[in-house]
Amino acid sequence: MSAASESEPAPLAARNITKDAFLGGQVQILQPAKGFHRAGLDAVYLAAAVPATTKGHVVDLGSGVGTAGFCLAARLPDVRVTLVDRDRQALALAREALDLPENAAFAGRTTLLEADVTARGRERHAAGLTPSLADHVVMNPPYYTGGRFRASPASARAGAHVLEAEGLEPWARVATDILKEGGSLTVIFRADGLGELLEVLPGRFGAIDVIPLRPRPEAAATRILIRAIRASRAPLRLLPGFVLHEGSGSDFTREARAVMRDGAGLTLPPR
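Our numbering numbers the first residue of the sequence shown as 50 and each following residue consecutively.
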């Protein structure tokens, strides 16, 4: 056996890793088949909510294997993206995925940073999450508070789903710290957690837009997207929202298909 073959990673199936296509194949993600938070539509819609005019440095806090950051970089050619996570396995898979030929269009504009969003300021700064680092921040924080929902027995999955004791406060604090004044924040969260977000964002962010995501036209929202501007004093807006499915069936709306298959952005009114 040659030295080159000894250094090559084992086949994906042997490592229990899947290769999954997003945006009609424009993005390829590597992720564990089991025992880990599986990437899905939330990451795609988080990336789609960032305005098409966005340029500069985007930081994806809690990036996992990189789905949102990859989709964002594939969609917006004038951004460079830093994926931030404390999970070394997730970042290792993101790094491996950046070497895939399908991701070549944005691999050179995507970097990785191992850091803990919940760490104290000095530790975060030493890891590279420094003040005024970013022009834009996107984040998909864990959806649930500890004790309110039963956590998965798989530690990696639980870490992706369950917030620590301080809730969303560390996430809002870090986003504020690393964003330049006037920079933007985009968040996806569960719809019934809107109050939790509105406890930690005002005073740090203004021009807050709330965008409900509803599975069907007549259904209540299950997710919300939040867009906000650091240090802005502009008022909050509740926007009409976005519907994923037509009628009572499983068919996606034309707009939803464009987001998921073509990498289109959400059509939202400008500020």
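Worth flagging that the hints you see were computed from the coordinates, not collected in a lab.
There may be inaccurate statements among the hints.
[As the list claims (entries may be wrong)] Computed spacing ranges between beta-carbons, pair by pair:
#1 135 - 248: 42 to 48 Å
#2 230 - 61: 40 to 46 Å
#3 171 - 104: 36 to 42 Å
#4 126 - 239: 28 to 34 Å
Just so you know, even glycine gets a beta-carbon here, dropped at the ideal spot from N, CA and C.
Hints and how they fare:
Distance hint for residue 135 and residue 248: a CB-CB separation of about 24 Å, inconsistent with the stated range 42 to 48 Å. Checked against the hint of 40 to 46 Å, the pair residue 230 and residue 61 passes, with Cβ atoms roughly 43 Å apart. Checked against the given bound of 36 to 42 Å, the beta carbons of residue 171 and residue 104, roughly 31 Å apart, lie outside it. Take residue 126 and residue 239: their Cβ atoms lie about 31 Å apart, and the range 28 to 34 Å holds.
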